[in-house]
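Undergrad: Here is how the chains run, residue by residue.
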Amino acid sequence: MHWNGKDSAVFQAQKEYIDTAVIPLIVIDGSEHGFPFAASAADFTLSLANIIENQFKGRIVLFPSFSYTKTQDKQSLLEIWKEELAKADFKYIFFITSDREWSTMGDEHDVIWTPSVPLDSMDQKMRNSVLEDQLRQLIPIFAKKWAN
Amino acid sequence: MSNNKVSRRQFLSYTLTGVGGFMAAGMLMPMVRFAIDPVLQKSEGGDFVLTEKKIADITEIPERVDFTFEQVDAWYKSDITNAAWVYKEGDQVIALSPVCKHLGCTVNWEGDPAHKNQFFCPCHAGRYEKNGQNVPKTPPLGPLDQFEIRENDGFLEIGKAIPNTLV
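Chains as they are written, first to last, in our numbering: chain A, 1 to 148; chain B, 1 to 167.
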């Protein structure tokens, strides 16, 4: 499900089945050498989020991406999101990101880190196959969390 | 006056008939056009999309075939990639929609190692037989949709989704 009016109606009606929130985390980097890299990583993360939504449409709600800058406190960002989404009865909350800094924070925060692949120079078909490969690796991660 | 000359009276009546005819046609044409409008309506969604899959390469094991078409959403055009599970049953080619009838996830062939020869939906463990029939006591309430297909120069073309005709 997407975060829009039509899907939110389905969500309200099928809450017992739709129990997972997915939030893409996007870092905003204004520095000269970081800017293009962060932009490309954002493109990748958002494309990946969309393909995850397509695969797990009936169980997840894909939220609009959350953008932050390097100086913001990551720990408290997560806590605020979790607190708010708990109100909507989400049992599982996944964050997906290509920002390496999250990878050091460990598993208990449900941040799924995937290395960014530069999609810019690829044609549509190549993009899709790269993203499909990534998705195939993510399916077991989701399945494992859901099985617990 | 010889016979093949046009008199003033004749000339005027021809001219009036001609001009009157045009005017009448000008009024009648849109009316007729409106009246038969449903017949002229172009049918949407009936278009077939060519895939890169050769008919000869299709086996009995369902295989994922992607196909891309352009979707126009107001002034925003985008390429939508859709997929189908394609296999051969005897000589007949069958293309099933990968969209789970429960809540719209994407199903995978043999996605669950515990259930061979079935489609599996990873979201809520819904299962379907090879022909798309939903397995009872799993969440889905209906069989997978089927795609209309046809052959074009040895390649597979996929059309619109129709209710499953195999079960």
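In short, the hints are calculated from the structure, not lab data. Note that beta-carbon positions come from the ideal geometry of N, C-alpha and C, so glycine has one too. There could be a bad hint or two in this list.
[Unchecked claim] A few chain A residues that don't get close to chain B, going by computed Cβ distances all over 10 Å:
no., residue
1, Tyr17
2, Phe56
3, Lys57
4, Arg59
5, Asn128
6, Asp133
7, Ile139
8, Ala143
[Claimed, not checked] A few chain B residues that face chain A, going by a derived Cβ cut-off under 7 Å, partial list only:
no., residue
9, Ser78
10, Gly104
11, Cys105
12, Asn131
Undergrad: Verify this label for me: Lys57/A is non-interface relative to chain B, using a Cβ-Cβ cutoff of 10 Å.
TA: violated, 4 Å
Undergrad: Measuring from the C-beta of Ser78/B to each C-beta in chain A, is the shortest one below 7 Å?
TA: With a minimum Cβ separation of about 10 Å from chain A (threshold 7 Å), the hint on Ser78/B is violated.
Undergrad: Could you let me know if the closest chain B CB is still more than 10 Å away from the CB of Arg59/A?
TA: About 4 Å separates Arg59/A from the closest Cβ of chain B, which leaves it inside 10 Å; violated.
Undergrad: Far enough from chain B: is every CB of that chain over 10 Å from the CB of Ala143/A?
TA: Not fine: 6 Å to the nearest Cβ puts Ala143/A too close to chain B.
Undergrad: Would Phe56/A pass as off the interface with chain B, using Cβ distances and a cut of 10 Å?
TA: violated, 5 Å
Undergrad: Are all C-beta atoms of chain B more than 10 Å from that of Ile139/A?
TA: The assertion about Ile139/A is violated, with a minimum of 6 Å to chain B.
Undergrad: A closest beta-carbon separation below 7 Å is what the hint needs, so does Cys105/B meet it against chain A?
TA: holds, 4 Å
Undergrad: So Asn128/A supposedly isn't at the interface. Is its beta-carbon more than 10 Å from every beta-carbon in chain B?
TA: violated, 6 Å
Undergrad: Should the hint that Asn131/B touches chain A count as held when the rule is a Cβ pair under 7 Å?
TA: violated, 22 Å
Undergrad: Hey, does Asp133/A actually stay past 10 Å from chain B on C-beta?
TA: At about 13 Å from chain B, Asp133/A clears the 10 Å cut-off, so the statement holds.
Undergrad: May I ask you to test the interface hint for Gly104/B with respect to chain A, counting a Cβ-Cβ separation under 7 Å as satisfied?
TA: With a closest approach of 4 Å, the Gly104/B hint holds.
Undergrad: Over 10 Å from every CB of chain B: does Tyr17/A meet that, or does the non-interface label fail?
TA: violated, 6 Å
When the structure is compared with the earlier hints, violations turn up for hints 1, 2, 3, 4, 5, 7, 8, 9, 12 and for no others.
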